[in-house]
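S.K.: Chains A and B, in that order, are what the protein sequence lines are.
Heads up: the first sequence is residues 3 to 464, going by my numbering.
Heads up: the second sequence is residues 13 to 116, going by my numbering.
Be a bit skeptical, because a hint or two may be false.
Partner residues are not named here, just some residues of chain A that face chain B (Cβ under 8 Å, in silico) [stated by the list, open to error]:
id, residue
1, Arg24
2, Gly67
3, Thr113
4, Ser122
5, Val243
6, Ala250
Which residues of chain A face chain B? A partial, calculated answer using Cβ under 10 Å [as the list claims (entries may be wrong)]:
id, residue
7, Gly22
8, Leu23
9, Pro29
10, Met43
11, Leu114
12, Thr118
13, Phe224
14, Ala232
15, Tyr236
16, Leu255
What follows is a set of in silico ranges between Cβ atoms, one per label pair, in the way DEER data are often shown [said to hold, decoys possible]:
id, chain 1, residue 1, chain 2, residue 2, range
17, B, Leu27, A, Arg424, 50 to 56 Å
18, B, Ile24, A, Ile48, 54 to 60 Å
19, A, Ser122, B, Pro45, 52 to 58 Å
The hints are simulated quantities; they were obtained by calculation from the structure and are not laboratory data.
For each residue, glycine too, the CB sits at the ideal point set by N, CA and C.
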Amino acid sequence: MERPILDFLYLVSIVFFIVGLRGLSHPESARRGNLLAAAGMILAIIITLFYPFGNTPNNYGWIAGGILVGTVIGSVAAIKVKMTKMPEMVSIFNGFGGACTMLIAITEFRTLPPGTELLSGQVFTVIFSVFIGSVAFSGSLVAYGKLDGFLRDSIRLPFPQIVNGVLLLVIIFFGGYIMMMDELNYTIVLILLGLSIIYGITFVMPIGGGDMPVVISLLNSFTGIGAAAAGLIYGNQVMIVGGILVGASGTFLTILMCEAMNRSLINVIIGGLGATTFTGGDDKDKVVKEASHGDTAILLKYSQKVLIVPGYGLAVAQAQHACHELESMLEKEGVQVRYGIHPVAGRMPGHMNVLLAEADVPYDKLLEMEEANKELPTTDVVLVIGANDVVNPAAKTDTGSPIYGMPIIDVEMAKNVIIMKRSMRTGYAGIDNPLFYGDKTKMLFGDAKDSLNKLKSEISNA
Amino acid sequence: MEIIIQFITENIVMLYILVLAIYLGMEVISKVPTVLHTPLMSGANAVSGVVIIGAIWLIRNAEPDNYFVLIIGFFGIALASINVVGGFAVTNRMLEMFKKKKKK
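Chain A extracted, bound-state conformation (with noise of 0.2 Å):
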């Protein structure tokens, strides 16, 4: 085909992204949405394998292997994923499109005709891309580490944001003693490359494992705009459009995310949340109140209005199903209940809403935080599953708190609190939580799925 039908497609294929991304924000229409963007790839993806650009090699074998690859690799890992591993598995595969633009970029060095005029615009896009898509590679796999908890909070580095600003100043100085050289020295961008690499790892490093999911947003827009860079390279207008719509929508989501816990995105990559030592009161007064799963039941069943609390720990014991279950069951007793979903509960907004939307719990029963508060004082019972840090009362009271001015769900307004925990550890944020010591709160302490299938038993039988 003509170059100019090619070009022509490729604008279809921006079309498609638009679109698709515009779709993806609307409930309605967000299924159709991803649909399309996929089709838009694909369609780009088939222009470029035969984009005429002269006599080129074309090496088609090695394109359907990797395709290949990545397809059986990536379908897999999609339909195989648990759905309370999905922040992880986005991160990971974050990851990957960041490692592909950085070895493109390494790879365009070594393909710079000998003598080249280093400084260049062209040669500083290069440059970009490599610190970028390595940043974009080593930071989703920190990401990643510390969800899935092998990368504990706890592993610090000393003077986080002087070490981080130090490198940075390094490599702005390695790259531009790269485009200062007469002749390019390769072993000096394998140096950079490096440096980027660890400048991911220290730039994420420092940041609190209740921050991931922002962080997770934040390097998804540098893999866009590291997409775009290199589409700045090969003047591909779909890589550059595709890149930078992710980019910037990535930083807008990134902020909005920010705002849902009342933070500033300075404040969550400066103030690292989770690798705060918080020291609360002495512990002596704190008397726990420990409630039975029978009393619970009974509570329930007599109540006339509940509000459920869902967080991480429903996830992690896979408990939305039992906890549907409850939630039909007490709704046939005449008690009405509803759910409070706080926007950053689990591991990423809109996490909570995914899991019970898989465990068919209808969608007006999920009510967003304000309305949930504004529901608390004429509520019943509050039954808190797995969640902590987004119902914990120093986030409004105490300043020395590290989640203090976050605004929470403020359970502590109804007239019974039961939370449902596994033990008395702290949530995510990794500090104590005054509501459990709190006069209108008891514990049901034991496994969410369990004891959700013991209230279920428990409420027939009674």
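Put chain B on the given structure of chain A with help from the hints.
M.R.: Showing chain B alone in chain A's frame:
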């Protein structure tokens, strides 16, 4: 200074695209409900796999005996495909759950 002016002159159309796309990217996802943050992030993440095009470009233009470029390009394509295929598939799986329940 010269080099900056030269870069701008050479890439003026690209810069136009860049600026407009930044604005478009922010506009396109404004007013997204919290429920959709995770699927949107995941979908956008799949779109960022568009860098695969660069990797294909790279391989198509590489000499058949330049194994350095071929192998790096191969890994680039494989990694980006995981990003693209996995990303869209996972997003679809998440969104299917919303749909299933709505029909009821």
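S.K.: Hints first: check each against the structure and report whether it holds.
M.R.: Going down the list of hints, with the structure as the test:
no. : hint                              : in the structure
1   : Arg24                             : 5 Å, holds
2   : Gly67                             : 6 Å, holds
3   : Thr113                            : 7 Å, holds
4   : Ser122                            : 7 Å, holds
5   : Val243                            : 5 Å, holds
6   : Ala250                            : 3 Å, holds
7   : Gly22                             : 7 Å, holds
8   : Leu23                             : 5 Å, holds
9   : Pro29                             : 6 Å, holds
10  : Met43                             : 6 Å, holds
11  : Leu114                            : 12 Å, violated
12  : Thr118                            : 14 Å, violated
13  : Phe224                            : 9 Å, holds
14  : Ala232                            : 4 Å, holds
15  : Tyr236                            : 5 Å, holds
16  : Leu255                            : 6 Å, holds
17  : B/Leu27 with A/Arg424: 50 to 56 Å : 55 Å, holds
18  : B/Ile24 with A/Ile48: 54 to 60 Å  : 30 Å, violated
19  : A/Ser122 with B/Pro45: 52 to 58 Å : 45 Å, violated
Checked against the numbered hints given earlier, the structure breaks hints 11, 12, 18, 19 and satisfies all the rest.
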